[in-house]
Structures are given as structure tokens and as C-alpha cells.
Amino acid sequence: MKRHLNLTVNSEPRQILVEPYYSLLDMLRDELHLTGTKKGCDEGDCGACTVLLNGVPVTSCLVLAHSAHDAEVTTVEGLATREGLHPVQQAFAEYGGLQCGFCTPGLIMSAVGLLEKNFDPTEEEVRYAIGGNLCRCTGYTKVVQAIMAAAEQARP
Amino acid sequence: MTTEHNVLGRSLPRVDALDKVTGRATYAADVYLPDMLMCKVLTSPRSHARIVSMDTSKAEQVPGVRAVITGNDFPDRYFGSGAVRDRRIMARDEVFYIGEPVAAVAADDEVTAQEALELVEVEYEDLETIVDPLEAIREGSTLVHPDMPNFEGYGFAMGGNNCTLLDADRGDVDQAFRDANQVFEETYHSQAINQGFLEPMACAANVEANGRLTVWASTQGPYQVRAQLASVLDIPLSSIKVNAMELGGGFGAKLRLAFEAFPALLAMKTGRPVKLINTREEVFTLNGPRLATTIHLKTGVTSDGQITAREAHSVFDVGAYLGAGPNAGVGHALGAYDIPNFRLRSYGVYTNKIYVGSYRASGVADMHFAVESHMDSIAHQIGLDPLEFRLKNVVKEGDANVSGASVPANGLLETIEAVKEKMSLPRKSEEGRGIGISLGEWRSGSGPSTASISVNEDGTVSLLTGSVDISGSDTSLAQIAAETLGVELDQVIVAKRDTDMAPFTGPSGGSRIVYSQGKAVQMAAEDARDRLVGLAAERFGVPSEALSCEGGRVYVQDNPPQSLTLSQLAAASLTSRSGPIIGMAALSSMPYAPVFNTQAAEVIVDKATGQVRVTRFVQAQDVGVAINPMGVEGQLEGGAVQGIGRALSEEMQIDPETGRVRNPSLSTYLMPLAIDMPAIENILVGVPSADGPFGARAVAEPPGFGPPAAIANAIYDAVGIRIKELPLSADRVLAALQGQDGDEYHIDVEALKKAETG
Ligand code: FES
Ligand code: FES
Numbered sequence: 001m002k003r004h005l006n007l008t009v010n011s012e013p014r015q016i017l018v019e020p021y022y023s024l025l026d027m028l029r030d031e032l033h034l035t036g037t038k039k040g041c042d043e044g045d046c047g048a049c050t051v052l053l054n055g056v057p058v059t060s061c062l063v064l065a066h067s068a069h070d071a072e073v074t075t076v077e078g079l080a081t082r083e084g085l086h087p088v089q090q091a092f093a094e095y096g097g098l099q100c101g102f103c104t105p106g107l108i109m110s111a112v113g114l115l116e117k118n119f120d121p122t123e124e125e126v127r128y129a130i131g132g133n134l135c136r137c138t139g140y141t142k143v144v145q146a147i148m149a150a151a152e153q154a155r156p
Numbered sequence: 001m002t003t004e005h006n007v008l009g010r011s012l013p014r015v016d017a018l019d020k021v022t023g024r025a026t027y028a029a030d031v032y033l034p035d036m037l038m039c040k041v042l043t044s045p046r047s048h049a050r051i052v053s054m055d056t057s058k059a060e061q062v063p064g065v066r067a068v069i070t071g072n073d074f075p076d077r078y079f080g081s082g083a084v085r086d087r088r089i090m091a092r093d094e095v096f097y098i099g100e101p102v103a104a105v106a107a108d109d110e111v112t113a114q115e116a117l118e119l120v121e122v123e124y125e126d127l128e129t130i131v132d133p134l135e136a137i138r139e140g141s142t143l144v145h146p147d148m149p150n151f152e153g154y155g156f157a158m159g160g161n162n163c164t165l166l167d168a169d170r171g172d173v174d175q176a177f178r179d180a181n182q183v184f185e186e187t188y189h190s191q192a193i194n195q196g197f198l199e200p201m202a203c204a205a206n207v208e209a210n211g212r213l214t215v216w217a218s219t220q221g222p223y224q225v226r227a228q229l230a231s232v233l234d235i236p237l238s239s240i241k242v243n244a245m246e247l248g249g250g251f252g253a254k255l256r257l258a259f260e261a262f263p264a265l266l267a268m269k270t271g272r273p274v275k276l277i278n279t280r281e282e283v284f285t286l287n288g289p290r291l292a293t294t295i296h297l298k299t300g301v302t303s304d305g306q307i308t309a310r311e312a313h314s315v316f317d318v319g320a321y322l323g324a325g326p327n328a329g330v331g332h333a334l335g336a337y338d339i340p341n342f343r344l345r346s347y348g349v350y351t352n353k354i355y356v357g358s359y360r361a362s363g364v365a366d367m368h369f370a371v372e373s374h375m376d377s378i379a380h381q382i383g384l385d386p387l388e389f390r391l392k393n394v395v396k397e398g399d400a401n402v403s404g405a406s407v408p409a410n411g412l413l414e415t416i417e418a419v420k421e422k423m424s425l426p427r428k429s430e431e432g433r434g435i436g437i438s439l440g441e442w443r444s445g446s447g448p449s450t451a452s453i454s455v456n457e458d459g460t461v462s463l464l465t466g467s468v469d470i471s472g473s474d475t476s477l478a479q480i481a482a483e484t485l486g487v488e489l490d491q492v493i494v495a496k497r498d499t500d501m502a503p504f505t506g507p508s509g510g511s512r513i514v515y516s517q518g519k520a521v522q523m524a525a526e527d528a529r530d531r532l533v534g535l536a537a538e539r540f541g542v543p544s545e546a547l548s549c550e551g552g553r554v555y556v557q558d559n560p561p562q563s564l565t566l567s568q569l570a571a572a573s574l575t576s577r578s579g580p581i582i583g584m585a586a587l588s589s590m591p592y593a594p595v596f597n598t599q600a601a602e603v604i605v606d607k608a609t610g611q612v613r614v615t616r617f618v619q620a621q622d623v624g625v626a627i628n629p630m631g632v633e634g635q636l637e638g639g640a641v642q643g644i645g646r647a648l649s650e651e652m653q654i655d656p657e658t659g660r661v662r663n664p665s666l667s668t669y670l671m672p673l674a675i676d677m678p679a680i681e682n683i684l685v686g687v688p689s690a691d692g693p694f695g696a697r698a699v700a701e702p703p704g705f706g707p708p709a710a711i712a713n714a715i716y717d718a719v720g721i722r723i724k725e726l727p728l729s730a731d732r733v734l735a736a737l738q739g740q741d742g743d744e745y746h747i748d749v750e751a752l753k754k755a756e757t758g
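Going down the list, the protein sequences come from chains A and B. Everything in the first sequence is counted per this note's numbering, starting at 1 for the first residue and increasing by one. Everything in the second sequence is counted per this note's numbering, starting at 1 for the first residue and increasing by one.
Bound-form chain B, shown alone (with noise of 0.2 angstroms):
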């Protein structure tokens, strides 16, 4: 599509970087109120247990300290944040990990606050406890939540501890494997990880003269804080306004209510404002990382190397609570394949340790590592390049995908044949080193989306949306509008928001932001546009077809210059009929648009220590269009960095026994720095999207998931080794190659399948 646009596909500044690099954009830390408190939170120092007794009088005689909450002091409910309501903001008369809160304090300042925790008596009577998600999802095990079935939004799963089940099925699967010349079967593993965001979970309250409640959050969903924070308060939802702060990086971390409730109550309580900020180590420890996972897939294939059949079984950790969606990954499990025949199962597990949360393509990038792992084991075991059995797979357009929509145009082959070609493919292998690819899939993120654009008087635009920016968000949508309007990108205004102000909108994560805040964008830019232009003919005595808007004006296309300009139209729309330019749209969701990516990694594997050292990075990836491809090949870059990272050394270490986080801190928890990493190499495939604004795609989740299996796959590639659980640390490495079985993790899949059918 390269019809003449404007604004749209130039890599230009984003709207906020002046207030990026001067240090003056202002995140929730940076809140400085009047006689503003401090909050700290005290933490649960036991796995499981029912808490006998509390006393907090000793902390609350410490000067300077204003108010001391537990969890008796909020009203007595449960919340979700996935499905499932299974959660106390605050611990009442039981804990259920290492990191549970179970009070806090608003102090004069920090360290009166830390001081004064340290004085709240807390009496524990240990409870059994169960860590390891594989246990605890057979029978008879020791059971997190008794009373699951009793909690609202419970469905359909086995008991036990396994609160979500996600299953998707076709054709007649058994059969499917007898008739297939091999069946393959494998495990795979993925380990606990943390967003790493930089900027550490900040919040802070403060309770207006009317009664209503201000919150100022590091949020990626302000209208999701402010619903559930009025559900945990028992309050209205109408009683809250939350300002959408500046955010430091969230990756889907940051999705849903974190501790706003602990500063709110406090404020509410004291009268003052409160800030909270965490540490890092509560960063590891308090907010929900992503869990492990485990996955055992079985693979049927013909002689000639069709894939027949596919089963996936995945159980993973829920922690102590559903702190994120179901697992999505189950839905990935045929990776960019046409497979006629499958059963599919995902298993959540409740376990005793921080409750799981969503991080960029929660559960795909585990399914993604394990399938396109299995894809490149397969290969080999038949003796097919890699690559061309994957091409004997691929799904074209018009195939049915796992839910059996019909796949559309789509740029798969593009990006196969750009990466193929960047790396030279295929090329002969050398001893210690090693290329390996991985393909992917993602379907651009749908959900509630609105937008206002309103015409000021001097030809600017205004345009207000709900969402939050996360990747440059603000700039493509502003870019977006600018184009619709035939202005510069420097005439849009992009409103700061809060929930009072700008309409609901779906919170910014899955990818979903461009495809659909952005189409709500363009729909009320083009609004806005058919009023001006409606104004124009008006005062032309033309009709609107004989009009264009570009160039911040609309003119006759027969005698350009009889024109008025916007901030003509916009003063005379003030007295017009139909009252002043705005412009708006609003929309539920969006039609099944995938984005399919092909990356491959060129790895040097030290044979005497296990390291692995990344020297080449590319990949290609279908963008639709680029709104702005610098801001596009940011995020392919970023996104890689963060897969590259979750392959080879990040890793949240969880004790066995206890499911406490081992290494909280960013120099126990090691993600990539700048001299690990190789200049990353982008190629933008564009093929159109049917209804994306302009025919975008989405972009931030596909660059995340492939990394880990093309590196995977490039050690095998290198030594002849084939690693099955992440990371692919120096020692896993040298253990394999010094012959060590690697096989820790077993599903017990015929166990699974009886509890199913009963």
C-alpha cells in the first residue's frame, strides 16, 4: 500500500521524547503533594499460614507515624484479576505466599514508615504448602484454596488445585496418530521470569475536598485501576479519578489494580495524601512475575513431512493466585502451522508462591518456545532442513486457524523469504557455531476503543483517548490522526488523561493499541473531517465531494485556491449550525487480523564453558504498515532484546520448599545490558491489514517470543544439542554437552486425559 501519505510512515520524533529527555515527563514517583505520607507495606515472611494475632499498637505509638491498616481494615471481600475472584487486597486471618501483604503504614517519611513496620506483631500457625506446580496438580495433593469452588467466576476445571482449564479440539486426533508414519513427543520448560520494567510500581492517593478519591498510578490500565479499586474499597467506581501517570515500562505488568488500595485507604483515613513506592526487591517479590510453565507436545508426521496431528498438554504455575488471564498459550499451541487434526489443554495451577501476572504475550512465548523448539527437533529427526519442513507447514491464506477462522492475506512467506535471505539461508554449519530460526504468530489485540478530536481555533488538533502510552502508542495514534486531517504531526495535541476526562478504553497490552485505539482514532479524525468539510460546502455552496482536507486546509479540487483553512473552519464553526469540530468514534472490537513474524538467531557456543553468545539478531516481521517505522523497528528491537534476555540468562529463582523469590535484585536477576547484546537487524514486511487504520498490524508481542527457540535451535545447529528448558544458561549448556540429561520436568499426560473423561 503506498498510496501518498503525509504524516503517516515517517520515522519521526516521538510526541513525548522532549519531555523524555529533559527529564521533565512526570511518572507516579515523581508526585510531590503537600504534607504529603509515605507508605511501606509489611509482607507475609510465611509460605502458608492462618494468622493467629495481630497487634499493630507499638507501630502506631511511633512518631510521625499517622496510620497503621491490616487487612480487617477493608471491607470484607474478594477480587479477581483474572476469572477467577480469589484474592484479598490484604491478607485477613490467612497467607498464601512469601510476599503477601498483610499491612501498611503512612508515616512522615519512609524510614519512620520501615521503623514502625517492624513493630506490627504478627502470630503465624504454619499451613501445609505446595510449591511445585507438576505436584500439585495430581490427585490428592495438598490443596492452596480449599474452597475454590466456592469463588465467583469459578469454572470449569478439574479441582484440586487446577482453577483454569483452556481446551481447543479438532478432528479425530488418535486416530490421526496411528495413521501418522512418526509420532514425536517432548517437554519443555520455561522458568519464571519478571517484566523488568524500569520504573519500580508507584501510586499515590489523596482524598478531594468533595469526598472523591485522586489517584495518581504507573499504570497500562487506568479504567481497570479505578474498577477494581472501587471494588476492594466498596466504594463508587464514579467516587475515584485516576491520572494515567507517565509510565516506566510495564509489559503487562501493569494491566490491573497493583497497591493503589494501600495508599487510598491510608489517605482516606489520615485525610493527607500518601505515595507508595516500591523497592526493587518488592518489585520480585510483591507484584506478579510470569510463572513456569511446562508443556508436552506430541506430533504426528507423514513420511514425507506433513504434520497430521497435534497434542499439547501445558500446566502452569498460577501461584497463589489467578493474578492474569487463563492461559492464552494453549491457543498457539499449532504455531504458524496448518494442522488438521489436534487437542489442545491448558492447565492453571494454584501453588504457594506470588500470585502469576501477565507479561508481553503472557503463555505464548512459553508455548512458542516449546513448539517451534519441537518444529526444528522434528526436522532433524527426519532429515529435513529445518526451514523446509516448516514450509511443507505453513498456514496460507484461507486456511482455518485453531478457532477455525479463515486465515487472511498475510505476509508469513514474506518475512520467511526476507530472513532466509539477510542470513544467507541455508548455510553450511561450523563446529561452535550455529543460526537458528523460529516463526511466530500473533493476532493484533482487539477490545474497547474510543477517541475525541476536537478542532481548535487556531487549525490545532486536540485528541483525547483513554489509553495509556506504552511504546510510542501516543505518537502513532497521533500520527494517525494528523494524516486523516491533512495536518503536521506538531498541530496534534495529545491530551494527558484521566479516567474523569477521557472516555473508557481498554487498557494498553496485547498489542492492541495501534490496531484498535488506533482505528477509534481514525474514526473520529474522519468525523471530525466530514464536519469540516460539511462546513466548507456549506460556505462554498459546493457539495462535499468536490472538497479536500490536506495541507491544513480544505480546498474545491477544482480551484485549490478556494479554500478555507482549519483555523478558519474552526472559528466559524462556533457559530455555526452544528456548534464546534469534534470528531468521535468508539468501538468493542476489532476483526482477527495475525501478524506472523520469522526471526533467527546466529549463535557462538563456548564448548568449555557452556556460554552462549548471540552475534547476529534478525528478524522480519509483517507489519501491515508501519505508522512510524522508527518507532516500529523500536519496539521489534526492544522486544528481541527482552526474548533474547529471557533465552540465555533471566531467571526468578523459587525455593522448592518455601516459594520464596531467591534473587530479588537486578544483580541476582540478570537481564541483558548493552554489551550483550548484537545491533539488532529489522526487516518491515508489509502486508495490509484488512481493517487496521491504514492497514496496520500490531507490532510489541511477536518480537518477544521467538528468540528463545532460534537460539535453542541455533546451539543445536551449533553442537548438536537440543536444550528443552530455559534459560540456556552457561551451565545447562556445558552440563549437555558434557551428556547430562536435561529431562527434569514430566507431565503426567494419561493422568490428565482420565480426569478429563472422567
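Chain A with its partners taken away, still in its complex shape (with noise of 0.2 angstroms):
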């Protein structure tokens, strides 16, 4: 039986009927319409799914929908302004962090999840940061100097 769910995503509150097996992710996929977060597995094992909760990276996929009550979601659509794009999106496009793109708004989430608490990582840290999130098309070198890239820019 579907039972209401109140949250923020993107900014926006909302209110939604949402069954009580259902993931965050798929709540976000199926009812929201929001396909930008991706299901690789839904296992909790490739990343594609990574969504900011209450500012935090989680794989959504592992996270019950109803367990997200009053918390405020992130997804990779809430992250443009109409100001443009946020640093981490810029750097992944100028960069070529990017090739198939499924990885990339899990990948984009993790990072932007990394510099909101980490200013300055070393690359290692990168690594580590999205060491929860597969890529199978880059092989990472673009993906980190992406990153490297963003933190620099979004220094003050």
C-alpha cells in the first residue's frame, strides 16, 4: 500500500505516494520522473545512483524511500542554476570526464558530495571519494584531473 512521503528534492518540497519497498531510487526514477540518477546494479556495488542526502553521497539504491522522510535530496538535475553549471559539471564537460555518461551523475554526486567538506583534496583523496563509483569507459585519469580541476576553481 502506498503511504505519503514529504521530503525536499532539488530545493522543491514534496509530497508523494510512495509503496514501502520502494528504494529512494526508484521513488526518484518512477514517480518523480527524475532519470538522471542511474541504476547500474542496484546492489549498492557500482555508484551510478549517488544522490546527496541531508548533503551527504549515498547510493540510493540502498536507501528506502520512506527512510528519506523530512530529509532534503539532492539529484544531479538540482545542481545547475540558471546561472550555469556547478564547478564539478563544468570541469567533467571541459575536462572529458565523461564518455557513455551513465556513471556520470553518480560520479558528479560523489565529487560535488567530496568539496562541499574538502576544499583542497589531494588526488588521492579524489580516488578514494569515488572509489564507490564504477566507470567502465574513462579508466579515471579524466575523471580525477576533472575533479582536481573543480576544487581549484571552487576554492574562495
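Simulated from the structure, these hints should not be mistaken for lab results. All figures in this text were calculated on a predicted structure; none of them were measured in a lab. Heads up, a few of these hints could be off.
Listed below are the simulated EDC-like cross-link pairs for lysine to aspartate or glutamate, each with C-alpha atoms no more than 20 angstroms apart in a straight line [as the list claims (entries may be wrong)]:
#	chain 1	residue 1	chain 2	residue 2
1	A	K2	B	D606
2	B	K58	B	E115
3	A	K2	B	D35
4	B	K607	B	D676
5	B	K269	B	E208
6	A	K2	B	E110
7	B	K298	B	D743
8	A	K117	A	E94
9	A	K2	B	D108
10	B	K428	B	D606
11	B	K754	B	D169
12	A	K2	B	E115
13	B	K298	B	D179
14	B	K754	B	D167
Far from chain B, some chain A residues (derived; all Cβ distances over 12 angstroms) [to be verified]:
#	residue
15	T35
16	K39
17	E94
18	G131
Negatives, chain B to chain A, calculated, CB over 12 angstroms [to be verified]:
#	residue
19	R92
20	E121
21	E125
22	G160
23	A227
24	G686
Each residue gets a CB set at the ideal place from its N, CA and C atoms; glycine is no exception.
Two chains, two frames, some hints: make the complex.
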């Protein structure tokens, strides 16, 4: 039986009817049609479904939708503003940090999560922050370069 | 080739970058249609069995279930992914592997569909099973498909379970072995691997009001899907439209019809749109991976290190069906070397396990591991530096390649030099730390290619091709068009394509898009340019030769201010004698253009655990001309990391009794993560190809095949052990360090030769 769920998604308060067994990922995709967040495994192994839950990167396939009650969720769709792309998005485009793009939303959210608490990460810290994000296309070299460049840009 | 280029050769962001960083790019699973049903597939739990009976009535009664189909709902026909028509889209009366589809359900949601599947009753009667290909190729072994000789498309092979046989011969090999100073024989084995694309297979289908079928597919080959779907549904090809959605990685796995037929038939039955999305487990168990290959090599060498003869026998596991072409690896058994005498054979063998699919440099990658490890091994045994031994034998311009074609000018030696310098080779090895190299050749992909280009009234250019973007190929194609027409990249619009709209094109695979499709785009752009110039010539009353097309305009060379912009010309063309500006081109094949590379790995081997860590990876590749250097580097880096995964950790563990995939998840099938990998170092060498667009060569395949050999050779350099089986996992390395003999695989070459001679 679907139950009501209140939460904020990309700064917008939402009230949604959701099945109790739905994951946050399925809720975002199937109910809100926010399909930028990807399902690569549904088992917590690939990171394609990464979103920010109260500012912290989580794999949304492992989070029950109802456990996000009253929480704040940010997905890849919520990053760009009227002024333009988020610096991490910009850097991924400029430095070639994406190919097929399926891992990209998840990688970007992991990177945004990292940069929100660490403005000046080392290359190793970047590699650890995206340690749960599989990418089969890029070999990570340009992904890491992009995140390092975004960090530099975002530094005050 | 350093002529002035404006757009070509620049590391511009991908044309689809914005869509992808904002999450707007639409993949097949992102298709939501009103009233859409979800499809789930029931698969066989048996390796080989007769289906005695099937009852779907209970499943049909589950509330929310709209239709259930079995093999009997499809027309009674076979289809083939490779050469042989050996397979039904859904099992009818017999199953040949664990995971073979036997029924499918369409329901209001996935949970209901899954629930219904569990109520489908199937009674099986087990039949004899054979899983090991080296056993299956033996005479008298259990047969997977006793009726193989009747399969349409079955050609020349030995029979039994051997369904394909490729061969290549030159010279008198036996005499050459007798004359050689030393002869070396080794057997190598590469494991079954999954392509690892991040986007699970997904598709949707809907029947339009006019009765035509629309399919949304995650595919590298929309026209292949259309043709195969028409065949299995027995409907006209023209009644199907395939939308090629954004592709979340394929690497060969998505070249052909996958599961589109299930939602298609269910949509036809229910009149509602139906979508299917594979789970990750299904990615491992339902869709053809690359299966294991065992290769026996024999090489004759003179006292000064010249190779005089090579024999190769390769046995590759096909699984239950030939889901990919026959193993092309045999054509690479000479490696990047000039060898006067050879006898090369590759045998495809049926077994009761998931059918084989394609994966980046299918077959070639396995052969490459064997050949480049073997080269290293011989060098050490005859006391030559591995690089020196290779240099003595490398192919040069004008040598005949394996099929007798003359090798054109190329950058092989430059790639060797570049890696040598970057890695400071030869370097004295330290205990536990080593460097290994490998050289490789790929042949730029060919095949039918088309393009059409129209110039819009605002001076922008619309590019239409039937090829699916993989690895940034759309961006390269757009750069080729922009360069040819003298406009900026942002003036080129790349149309999203479907099979109704775009002209026929071969699939995106085999590193053919930039080389072949790019050529078609260049020709189409030249055609459009000629028309623009012709129109301007008419207006100015000067000959076409007096004009140039550059910077968004056509101008008189001697008097540049006398010009018309593309926008003015396109607008004028609407009422001109020849009509709107449109350029077109089509071609069916491209000449032989080799791509050579050299790769080097530096590793640290932990002698206590057997753990191998790649600390540096350097590669140089002759790319001809880099259309987009950033894109090319991205290809090289991604390929190298896939290869490192294949070398060290990836393996589909297949149960030797039942053929079941034992590790169908990303936590048990270990692909490289960012924390495991070094930054990849690339060197782009540019010896232009004669025929590629602006001299470009293929890029994507070669970087993936060198790492296993380079790393195996580095392990030898570090600790003096030669491992001949992949992956080079910690337990295998440790066992070898402890002196255990790893020779687990054996091909009975004499029996194969005897079978051939009769
Ligand atoms: S889909 Fe959530 S981690 Fe893979
Ligand atoms: S870009 Fe394809 S998986 Fe990362």
C-alpha cells in the first residue's frame, strides 16, 4: 500500500505516495521521473545512483524511500542553476571526464559531496571519494583531473 | 600532417557533454510511456534439458499480469548472431544453458511480473551436459547440438561440437621448424570475462496506431536489431522502427539483437507499451560475455633471434550458441611481426553455458596475451632483451601481413621509441619491481557507412548518420564535418537517429566509426561544400576554383571581402536551380589501415601475498591523426584500464559441472576502481593513414589488449615467474611463487591436425 512521504528534492518540497518497499532510487526515477540518477546494479556496488542525502553522498538504491522522510535530497538535476552549470559539471565537460555518461551523474554527486567538505583534496582523496563509483569507459584519469580542476575553481 | 586545421585536432568538449553532466541524456531505461507495462523474463535453471511441459495459467491469473509468452508464441524459426543460425529467441522444447529464456511476463509493475514468473510451471527432463571446451572438442564427446550440420549457415568445421574453424597458412611450416635452431611451445589461457558496461541492457516497445512497431533500444547496431527482430517475429523489416537511445557502454555486448523481441511480442499481444530492464545479475547471466580461450603456440627461431615459423591452435568456447563472429584472433597470431611461414587455426566449440558475445577486440585480446607473453618468454630463453628481440622481428612497411596485403606506412617503430624513452628502457630490474611491454596491431574497422549533411538557412549544419555514439564518435564526426565545411563545432547539429530517419549504417564496433563513418561524413561534407561553392560561383560569376569555403562563408580567394555567408547561401539555395544544400555519401568498405601500439606496465609484486599492483602504465599508439586528442586519450585510458582489469582481477567463474555463472554481481566480478588504478600516460603518434578522414586511424580497440601481456611480462621481470593463465590474480601469482606449476590447460594439437588431414 502506497504511503505518503514528505521530503525536499532539489530544493522543492514534495509530498509523494510511495510503496513502502520502494528505494529512494526507484522513487526518484519512477515516481518523480528524475531519471538523471541511474541504476547500474541496485545492489550498492556501482555508485551510478549516488545522490546527496542531507548533503552526504549515498547510494540511493540502498536507501528506502520512506527513510528519507523530511530529508533533503539533491540529484544531478538539482546542481545547475540559472547562472549555469555547477563547477563540477563544468569541469567534467571541459576535461573529458565522461564518455558514455551512465556513471557520470553518480560520479558528479560523489565529487560534489567531497568538495562540500574538502576544498583542497589531494589526488588520492579524490580517488577515495569516488572509490564506490564504477566507470567502465574513462579509466578514471580524466575524471580525477576534472574533479581536481573543479576543486581549484571552487576554492574561495 | 600539420596543415592548418581549425576544428580538427582540438580537444573540444563532447557534443553531448551538457546532456550528460546534467542528467538529461535519455537511455532506454529512461523511456516512460503512458500505460507502460514492465516485462520480466523467466530463465532455465537447467544446463541442458528437454522441456516436457509448461503451464502459464497460474501466472496469467495474477492480478496486474497482462500477458505471458513462451517460445511457442514466437514463429517457429532459428536465428543467428554469428554466421550460424543455431538459436531460438526463446526456448521451445529444449534448453541448452542455465539462464536461457523460457517465458516472459508483462505486468503493471516489475514486482507483479516477478511474482507471476514464479508461478510459471516448467517440467524439465535433464540431458547430458558438457561444459569444458577442451573436452567438448574431443572426438566422441557429448554433443551440444547434434543437429548442427543442418543449421543454416553452418560452414566448414570439423563437426562434433566444433562449429567454426578459421585458418591461415603460408610457406612450409614443418620444414621451417626443422630448419630452426630452436623451437618453443607454450599454451596460454584467457578467462571468461564480462564486458562490464555500466548501463544494464534495457529496451521498450510499442505498437503504433498504424500497426508499426517502435522499439527503444540500448544498442550499438540499430539496423542489426531491426533486421534480427524482423526475422524472429517474422514481420517485414520495414514495419519496425528502432530508436537508438543514448548508450551507456556496450564494448561489443550490444552489437546485436538482445531482448527486444520480448517486450515487442508482449506489446503486440497487449496493445500497450512494454519495457524491460535487466538486473545486474541478468547482465551476467543472460547476455553473451566473452568466454575462455586456450591457445597453443609454437615458434621456430634462428640462432640470431629471427623468427622463421609460427603455428597457433586456438580453442575458443562458444557456449550454447555462436553469439558473435568466429574468432578473429587467429588472424593476429603473428602479432606485430613478420613471420614467413605459418599455420594458424582457430576452433569454436559449443558447450552448455551462456553463449559467447563480443567484447572489445574479441578474440584478438586473447591472442595478444598469448603472443606477447610468448615473445617475452622466448626472448628470455634465448638471452635477448625482450625489446631487442621484438625489434628484430617487427613488421615493416611493404611486408606482407597475415592475409598477404602489403603493410602500409605506419608508426609502429615510433610507438616503440616513445615508450622506450618514457619508461627509460632498458632498465635494470629490481627485486619485486618490474617492467613489461607488449606491441599490438589492430586493423581499422570497415563496413557500410553513410552520412547526410544539410546546411540550414541560418548557416548551421545538420549532420545525420545512422551510427550510434560510442566513445565520443559523434563529436569526432561533427568535428570532421565542421572542419570540411569551415564552420565552428557549435554550428554542427548532430541528429538523434532512428532507423526510419537515418540511412543504413553498420554497427558501432570494431573501431570503425571514425575511420569509415568519418570518411562518409567527410565525403558528405565535401559534397555539401561543393554545392555551396557552386552556388557562390554562379552568383559571383567566377569559376568554383577561385573560391574558398572557410570561417562560415564562401569567398573569392583574390578578394576575400567578396563573400557570401553559409546562411546567405543556404537561404539563396531554396530558390536556386539546384535546390537546398544537401551533401550525401555512402561507402561499403575501406582499405586496410593498421593501427599499431606499444604498451608498458610497471608493477610491484608483493611476494608475501602475490598481490600485483600496477604503478605506472604508459602507452603509445599510432592514431594517424587525432580528430579530438582529448577524446582519443579518453579512449586509450579507458581501454588500458579495462585491460588491466582483465589482467588482474576480472573473471566470470563458471561452474565446471553445470555451466552456471557463479559470480553474477559487481561485488564478486571485480572491475577496476579509481583507487586501484594509476594515472594512465599516453603518447599519440601520428603517421596518417592513406584513406581515413584527414589521415585518422581507428583508436578504441588496441589500448585494451596489451595490458595482460605487459603485466605478465612485468611480473616475470619482477620475480622471474611466467604465468600463462589469466587473470594474474594474487592466489595464482602466490602459487607460482611457491613453485606450483600452473599449466592447467592442454590442447591436443596432434589430434586436431589428424582430424584436419582426415
Ligand atoms: S545502482 Fe545503486 S550502487 Fe549501483
Ligand atoms: S563514462 Fe561510461 S561508465 Fe563512466
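Exercise. Failing hints, ascending?
Worked result: 1, 8, 15, 16, 17 and 18
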